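Protein chains: 2
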Amino acid sequence: MTDTEPALVALDWGTSGQRAWLLGTGGRVLDGRRSKRGLLAVTEGIDPGDPAARAAAYETAFRQACGDWLTAHPGLPAIACGMVGSAQGWTDTGYRAVPSTLDFTGLVPVPHRDGVLHLVPGLRIPSGDRPGDVLRGEETQLAGMLDVLTGPCTVVLPGTHTKWVRVEGDTVTGFATSMSGELHGLLTKHGIFARTAAEPVRDDAAFERGLAAGRRSRGLAAELFGARPLVLDGALAPASLPDYLSGVLLADEVAHQLSTSDTERVVLCGTADLCRRYAAALADRGVAAVVLTEETTVRGLWRIATAAGLVHHTPERTPQP
Amino acid sequence: MTDTEPALVALDWGTSGQRAWLLGTGGRVLDGRRSKRGLLAVTEGIDPGDPAARAAAYETAFRQACGDWLTAHPGLPAIACGMVGSAQGWTDTGYRAVPSTLDFTGLVPVPHRDGVLHLVPGLRIPSGDRPGDVLRGEETQLAGMLDVLTGPCTVVLPGTHTKWVRVEGDTVTGFATSMSGELHGLLTKHGIFARTAAEPVRDDAAFERGLAAGRRSRGLAAELFGARPLVLDGALAPASLPDYLSGVLLADEVAHQLSTSDTERVVLCGTADLCRRYAAALADRGVAAVVLTEETTVRGLWRIATAAGLVHHTPERTPQP
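Quick note, the sequences are listed as chains C and L, same order.
In terms of full-length UniProt numbering, the first sequence has 234 at position 234, counting the first letter as 1, and numbering is strictly consecutive.
In terms of full-length UniProt numbering, the second sequence has 90 at position 90, counting the first letter as 1, and numbering is strictly consecutive.
Keep in mind the hints are simulated off the structure, nothing from the lab.
A quick note: this is a predicted structure, and the numbers were derived from the prediction, not measured.
For each residue, glycine too, the CB sits at the ideal point set by N, CA and C.
Short derived list, chain L residues pointing at chain C, Cβ under 8 Å:
#1 Ser127
#2 His161
#3 Leu183
#4 Ala221
#5 Leu224
#6 Gln257
So here's chain C without its partners, still in its complex pose (with noise of 0.2 Å):
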């Protein structure tokens, strides 16, 4: 058996979108692509009350991102992670409960046309004492780092909904979600600085005056404001606001999220451009992140199909997404 051989496809499976790869024995990425067919495009159109028209729609969309792998492959297993799994996805997996393991076993079966797909459950603090909080997709991500994890740490994933993970070997022990990301798109794409017409270009000094700003101990809603007069008076170039804004919210976001934490080390994982965004934030509070720029979710999800048995572990490989 040679790692070019097929041995798992593994999907990210999101809310606008889908990753899909052919993985080889030891993990090796042999074919990946990328689509649109994300919850809200497979659901658009779909009676929400009609489970059976919503599974039908995600298997043609499974087939149409990788069908032809299946046919070439027969009785290849096939996992998949993130909304997929959710109550609008092909299956409600529902959630495994913080203090969790990232090393599942209780994948959810969901039989199609030509053999079973296993989805990954998400993971989820239950409302009570403390907030509630779920996370989907993300528990895959983290499965992929835990090579690189030692000790307890933060894991920060930003992102639309950035996920603050403490981490303790290889467990989850709680977690919390600040919605930033989706704030920051909501301001610039709706409300009243989306009608300050400019192209946004890249400024960071802008951002560094936003993350000056947020410090200040004034409120979210009162620093976030603090935008148009800097405009009006000509001090902030329209252009630059976004960056002005991401700033302001970062630094809001860090202040808080540090102060809940009792762990030091801070690991941040996600693109480069939200990476340097909370490293800058995160130094601008005293703390160097590490930073992981590289994709950990087809490491994890082949990390799971290996704990879960879909696939045989070879312990002298190191999976090479």
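Using the hints provided, position chain L relative to the given structure of chain C.
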């Protein structure tokens, strides 16, 4: 001269709407109208780089609002406050720097076919050592409240962009703007919570729970997201989301604004619904606010027109808006 004799045309001309009143001697409202001819509607389709075209559009809208009053009573003075005096308005009045008395005399005249419309300038804190800020229209609302403001106080004017104004005697000494209202609109109209399809219903308990969540120190962007796991857990009805988010936003706003205020006396002036919410958020912090839900802008327009000599003061009469 009786108080049914027309003495002034007064307009509150904002971003999304316009109100016009015909006032008699002493400030009595003889007639009133309301239209959607605000800045957005008036300037729609007008080239922003063509001030003459914009002025013509404003003059047309002005005549639609009160041309009959001006024709019936030639020479009647006219005054307007609000965004009509902004950079996208009829004429940019600029701003008066804070500290500033609320008994204005420096109105900005705009000639039109039948006379002159006098515009009330806004107030501005220049960006510098302390954060800059602007307001426009609220200065007139404040002028209309002067008779009931005693001693130093903080006046809260709730809205899309809530103003927290520090008033001493007849002078505004400082203010801050919080865009909680805009954030609430963006979150419930365009964001992830907007996808939770449910007709909103009033839920005071959900608002109170939002207040309690907003009091915690996890940061606004995290506490707002906290509504999502509550809905997923079945602990919050989707129809109650708007009230819950309102509570989270107002608790955060009030906590921060009170901490930077050095007055104990807080006066709230706005719509009954917003005053009720802010009063609850303030009570939650131990502050009993004085609440005014009456219309004060028309009273302010009369007061400013009197101070500016547009109309003759009749000291024996209290304005009766």
